[in-house]
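The whole structure should be built from the sequences, with the hints applied where relevant.
For reference, the chains in residue letters:
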Amino acid sequence: MNTAEVVVNMPPANAMEAGQFIQLDNVFKAYNNELVVMDGMNLDMRADDRLVIIGPSGSGKSSLLRVLMGLEGIQGGDINFHGQPYIKSENNDSKVVSDELHSRVGMVFQHYTLFPHLTVMGNLILAPMKVHGKDKQSCIAKGRELLARLGLEDKVDYYPSQLSGGQKQRVAIARALMLEPELMLFDEVTSALDPEMVTEVQNVMMQLAEQKMAMIIVTHDMHFAREIATRVVFCAGGKIVEQGTPDEVFGNPKEARTREFLDKVLHLN
Amino acid sequence: MDYQFDFHFLTGKADMLLEGLWVTLQLTLYANAMGVVLGFVLCLMAMSKFRMLRWPCQLFIEFFRCTPVLLQIVWFFYCIPILFQVYIDPITMGVLALGLNLTAFNAEAYRAGIQSVPKAHFDACVALGLKSWQQTLYVVLPQSLRTAMPVLLTNGISLMQQSALVAIVAVSDLMYMGKSIAVDAYRPLETYSLIALIYFLMALPISHLVNVFERRQDAAMQR
Numbered sequence: 018m019n020t021a022e023v024v025v026n027m028p029p030a031n032a033m034e035a036g037q038f039i040q041l042d043n044v045f046k047a048y049n050n051e052l053v054v055m056d057g058m059n060l061d062m063r064a065d066d067r068l069v070i071i072g073p074s075g076s077g078k079s080s081l082l083r084v085l086m087g088l089e090g091i092q093g094g095d096i097n098f099h100g101q102p103y104i105k106s107e108n109n110d111s112k113v114v115s116d117e118l119h120s121r122v123g124m125v126f127q128h129y130t131l132f133p134h135l136t137v138m139g140n141l142i143l144a145p146m147k148v149h150g151k152d153k154q155s156c157i158a159k160g161r162e163l164l165a166r167l168g169l170e171d172k173v174d175y176y177p178s179q180l181s182g183g184q185k186q187r188v189a190i191a192r193a194l195m196l197e198p199e200l201m202l203f204d205e206v207t208s209a210l211d212p213e214m215v216t217e218v219q220n221v222m223m224q225l226a227e228q229k230m231a232m233i234i235v236t237h238d239m240h241f242a243r244e245i246a247t248r249v250v251f252c253a254g255g256k257i258v259e260q261g262t263p264d265e266v267f268g269n270p271k272e273a274r275t276r277e278f279l280d281k282v283l284h285l286n
Numbered sequence: 009m010d011y012q013f014d015f016h017f018l019t020g021k022a023d024m025l026l027e028g029l030w031v032t033l034q035l036t037l038y039a040n041a042m043g044v045v046l047g048f049v050l051c052l053m054a055m056s057k058f059r060m061l062r063w064p065c066q067l068f069i070e071f072f073r074c075t076p077v078l079l080q081i082v083w084f085f086y087c088i089p090i091l092f093q094v095y096i097d098p099i100t101m102g103v104l105a106l107g108l109n110l111t112a113f114n115a116e117a118y119r120a121g122i123q124s125v126p127k128a129h130f131d132a133c134v135a136l137g138l139k140s141w142q143q144t145l146y147v148v149l150p151q152s153l154r155t156a157m158p159v160l161l162t163n164g165i166s167l168m169q170q171s172a173l174v175a176i177v178a179v180s181d182l183m184y185m186g187k188s189i190a191v192d193a194y195r196p197l198e199t200y201s202l203i204a205l206i207y208f209l210m211a212l213p214i215s216h217l218v219n220v221f222e223r224r225q226d227a228a229m230q231r
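Residue numbers (the numbering used here), protein chains in the order written: chain X, 18 to 286; chain Z, 9 to 231.
Because the hints were derived from the structure by calculation, they are not lab data.
Check each hint, because a few of them may be wrong.
Claimed, not checked - A short, non-exhaustive set of chain Z residues, derived as facing chain X with CB atoms under 8 Å:
1) GLU116
2) ALA120
3) ALA128
4) HIS129
5) ALA132
6) VAL134
7) ALA135
8) GLY137
9) LEU138
10) TRP141
11) GLN143
12) VAL147
13) GLN151
14) ARG154
15) MET157
What the hints assert, rightly or not - Subject to a maximum C-alpha distance of 30 Å in a straight line, what follows is the list of computed DSSO-like cross-link-like pairs (lysine-lysine):
16) LYS151(X) to LYS21(Z)
17) LYS159(X) to LYS105(X)
18) LYS139(Z) to LYS105(X)
19) LYS21(Z) to LYS147(X)
20) LYS172(X) to LYS147(X)
21) LYS153(X) to LYS127(Z)
22) LYS159(X) to LYS57(Z)
23) LYS256(X) to LYS112(X)
24) LYS151(X) to LYS127(Z)
25) LYS57(Z) to LYS105(X)
26) LYS57(Z) to LYS153(X)
27) LYS147(X) to LYS57(Z)
28) LYS127(Z) to LYS159(X)
29) LYS229(X) to LYS151(X)
30) LYS153(X) to LYS105(X)
31) LYS172(X) to LYS127(Z)
32) LYS147(X) to LYS139(Z)
33) LYS159(X) to LYS147(X)
34) LYS57(Z) to LYS256(X)
35) LYS271(X) to LYS229(X)
36) LYS127(Z) to LYS112(X)
37) LYS139(Z) to LYS172(X)
38) LYS112(X) to LYS57(Z)
39) LYS139(Z) to LYS112(X)
40) LYS105(X) to LYS127(Z)
Don't be surprised by glycine CBs; every beta carbon is placed ideally from N, CA and C.
Structure (structure tokens):
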């Protein structure tokens with residue numbers, strides 16, 4: 018696979034400071050008013066952070082990403098982005114208040130979610146053309162460049178059904194990168210892949226990390242989490258139980274619940 | 009059987025048969041165009057989150073699905089002029105009756121197609137910033153159309169066969185012309201056999217097309 022660097026969109030310098038990039042303020046979310054998945058969550062992410070979120074199933078990891086992408090609402094609290102209101106809750110409901118900020122966030126899902134009726138290039142250029150009104154030729158040129166950098170230059174005219182799982186996931190990453198996001202969200206992107214395909218996707222994410230792309234990653238792969246993260250956040254029961262550098266959280270967890278979780282998963286790994 | 013077949017008299021009726029065939033084709037094509045387009049619109053409205061929009065559309069679908077098409081045709085031809093003082097030419101009336109019936113059935117085919125679009129694709133649309141109408145146009149419609157295509161084509165063939173019912177209300181389609189020829193010549197066996205053959209030859213290629221789509225769909229699902 019081509020290992021050339023992927024050029025990423027860097028946020029302004031002041032976003033490297035605390036409170037200037039993504040800020041969750043007492044965010045509350047429950048499904049059907051019963052299953053609480055975010056219970057007063059507070060989080061301050063800087064633009065040079067690569068946040069890896071770990072925790073047991075139902076701890077609110079994926080919900081956090083889905084909320085940040087505007088896929089699901091919250092029932093309490095607010096989320097700021099670049100110091101401006103991004104998601105506001107009101108009367109047990111919420112909305113994304115800034116489309117402009119929303120467009121600076123990209124997301125890659127566990128199950129690829131490529132549109133099967135479009136070719137690889139069709140998937141890449143759909144949003145830049147239709148949402149951002151960019152002209153087709155420049156979108157295609159950019160798409161080719163991205164695909165080349167991700168080692169997929171010969172797959173331009175392929176349909177998703179003709180690709181392997183790892184290739185589909187790399188195309189999904191390329192599709193998100195086409196919109197030049199400042200923040201990338203990765204929701205268990207290697208969980209559905211065969212083991213030999215996991216590495217090719219993780220390599221792409223490592224390239225992005227080397228380019229200082231801000232990302233939030235939900236993963237069960239603790240080895241990869243330790244490798245890519247600048248900060249690890251452990252969630253359980255809808256709360257952030259512990260956070261710190263990978264060495265702090267994996268090497269010397271302070272909380273009993275973190276230790277218990279890590280004992281289990283590291284043993285399994 | 010001592011019946012003597014004689015198809016020769018039909019050669020002199022070719023112009024009548026062609027005239028009827030042309031009307032049948034018009035009914036089929038226009039009603040299908042109406043059903044394919046309005047079916048999708050009706051489907052979207054019937055799946056709307058707004059009850060006031062959803063309920064009337066669901067009622068419309070159920071009405072056309074749960075009453076005989078012959079009754080719908082008769083009702084259109086006799087009741088609309090009485091109720092609304094509207095007098096439309098018979099072919100247009102036939103297209104309306106058959107087209108609205110097909111709209112209801114196609115709406116259900118589209119609904120099945122839309123429901124087959126994975127929920128994750130809608131999430132991807134939001135993540136990419138596609139507006140609701142863009143999701144429908146660029147993601148939902150192409151995928152649901154592909155899934156619904158075999159059913160839409162089957163509905164289209166059925167409509168061509170059902171179009172023969174308009175002969176009851178004196179629309180001069182293929183069936184009506186056949187009936188006239190059969191009565192004039194006292195030769196129902198030859199006439200109706202030929203009419204059946206014409207319908208069969210028109211439907212056969214479409215039926216094969218359905219099989220091709222289904223095979224392609226199966227292959228796509230297996231990949």
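A quick look at each hint next to the structure:
1. Among the interface hints, the one on GLU116(Z) is violated; its C-beta lies about 22 Å from the nearest C-beta in chain X, farther than the 8 Å criterion.
2. Hint status for ALA120(Z): violated, given a least beta-carbon distance of 17 Å to chain X, over 8 Å.
3. The interface hint given for ALA128(Z) is met, as the beta carbon of that residue sits about 5 Å from the closest beta carbon of chain X, less than 8 Å.
4. Contact between HIS129(Z) and chain X, as hinted, is supported at the beta carbon level, the nearest pair being about 6 Å apart and thus within 8 Å.
5. For ALA132(Z), the shortest C-beta to C-beta distance to chain X is roughly 4 Å, which falls under 8 Å, so the interface hint holds.
6. Annotation: interface hint on VAL134(Z) holds; nearest CB of chain X at approximately 6 Å, less than 8 Å.
7. For ALA135(Z), the suggested interface contact is upheld, since its CB lies about 4 Å from the closest CB of chain X, less than 8 Å.
8. The beta carbon of GLY137(Z) comes within 4 Å of a beta carbon in chain X, closer than 8 Å, and the hint placing it at the interface holds.
9. The criterion of a C-beta within 8 Å of any C-beta in chain X is met by LEU138(Z), whose closest approach is roughly 6 Å, and the hint holds.
10. Interface hint at TRP141(Z): violated, since its Cβ lies 10 Å from the closest Cβ of chain X, which is beyond the 8 Å cut-off.
11. Because the smallest distance between the Cβ of GLN143(Z) and any Cβ of chain X comes to about 10 Å, over 8 Å, the interface hint for this residue is violated.
12. Checking VAL147(Z) against chain X by beta carbon gives a least distance of about 6 Å; that is within 8 Å, so the hint holds.
13. A least Cβ separation of about 6 Å between GLN151(Z) and chain X falls short of the 8 Å threshold, and the interface hint therefore holds.
14. At a threshold of 8 Å, the smallest CB-CB gap from ARG154(Z) to chain X is about 6 Å, leaving the interface hint in force.
15. Checking MET157(Z) against chain X by beta carbon gives a least distance of about 12 Å; that is not within 8 Å, so the hint is violated.
16. Straight-line distance between C-alpha atoms of LYS151(X) and LYS21(Z) comes to about 61 Å, which puts the hinted pair past the 30 Å bound.
17. Between LYS159(X) and LYS105(X) the CA atoms are separated by roughly 34 Å; this puts the pair beyond 30 Å, and the hint is violated.
18. In summary, the hint linking LYS139(Z) to LYS105(X) is supported, as the alpha carbons are separated by about 20 Å, within the 30 Å threshold.
19. A C-alpha spacing of about 56 Å is found between LYS21(Z) and LYS147(X), which places the hinted pair above 30 Å, so the restraint is violated.
20. Taking the CA atoms of LYS172(X) and LYS147(X), the gap is near 22 Å; set against the 30 Å cutoff, the hint holds.
21. Restraint check for LYS153(X) and LYS127(Z): the C-alpha separation of about 28 Å stays at or below 30 Å, so the hint holds.
22. Our distance criterion of 30 Å between C-alpha atoms is broken by LYS159(X) and LYS57(Z), whose separation comes to about 38 Å.
23. At roughly 22 Å between alpha-carbon atoms, LYS256(X) and LYS112(X) fall within 30 Å of each other, so this suggested pair holds.
24. Of the pairs offered as hints, the one joining LYS151(X) and LYS127(Z) holds, with about 27 Å between alpha carbons and a cut-off of 30 Å not exceeded.
25. Between the alpha carbons of LYS57(Z) and LYS105(X) the distance comes to roughly 23 Å, so the proposed pair stays at or under 30 Å and holds.
26. Straight-line distance between C-alpha atoms of LYS57(Z) and LYS153(X) comes to about 35 Å, which puts the hinted pair past the 30 Å bound.
27. Our distance criterion of 30 Å between C-alpha atoms is met by LYS147(X) and LYS57(Z), whose separation comes to about 25 Å.
28. Distance restraint check for LYS127(Z) and LYS159(X): the Cα-Cα separation of roughly 28 Å lies within the 30 Å cut-off, and the hinted pair is therefore satisfied.
29. Taking the CA atoms of LYS229(X) and LYS151(X), the gap is near 26 Å; set against the 30 Å cutoff, the hint holds.
30. Between LYS153(X) and LYS105(X), the direct Cα distance comes to roughly 35 Å. Violation of the 30 Å bound is thereby established for this hinted pair.
31. At most 30 Å may separate the alpha-carbon atoms for a hinted pair to count; LYS172(X) and LYS127(Z) meet this at roughly 26 Å.
32. Between LYS147(X) and LYS139(Z) the alpha-carbon distance is near 9 Å, which keeps this suggested pair within the 30 Å criterion.
33. As the CA atoms of LYS159(X) and LYS147(X) are separated by approximately 15 Å, the hinted pair is consistent with the 30 Å bound.
34. Taken as a hint, the LYS57(Z) and LYS256(X) pair is broken in the structure, with Cα atoms around 33 Å apart against an allowance of 30 Å.
35. Using a Cα cut-off of 30 Å, the hinted pair LYS271(X) and LYS229(X) holds, with the two alpha carbons roughly 28 Å apart.
36. Distance hint between LYS127(Z) and LYS112(X) is fulfilled; the C-alpha atoms sit about 20 Å from each other, no more than 30 Å.
37. A C-alpha spacing of about 28 Å is found between LYS139(Z) and LYS172(X), which places the hinted pair at or below 30 Å, so the restraint holds.
38. For the hint linking LYS112(X) to LYS57(Z), the alpha-carbon distance of about 18 Å falls within 30 Å, and the restraint holds.
39. Pair hint LYS139(Z) plus LYS112(X) holds up; C-alpha atoms about 15 Å apart against a cutoff of 30 Å.
40. A C-alpha spacing of about 25 Å is found between LYS105(X) and LYS127(Z), which places the hinted pair at or below 30 Å, so the restraint holds.
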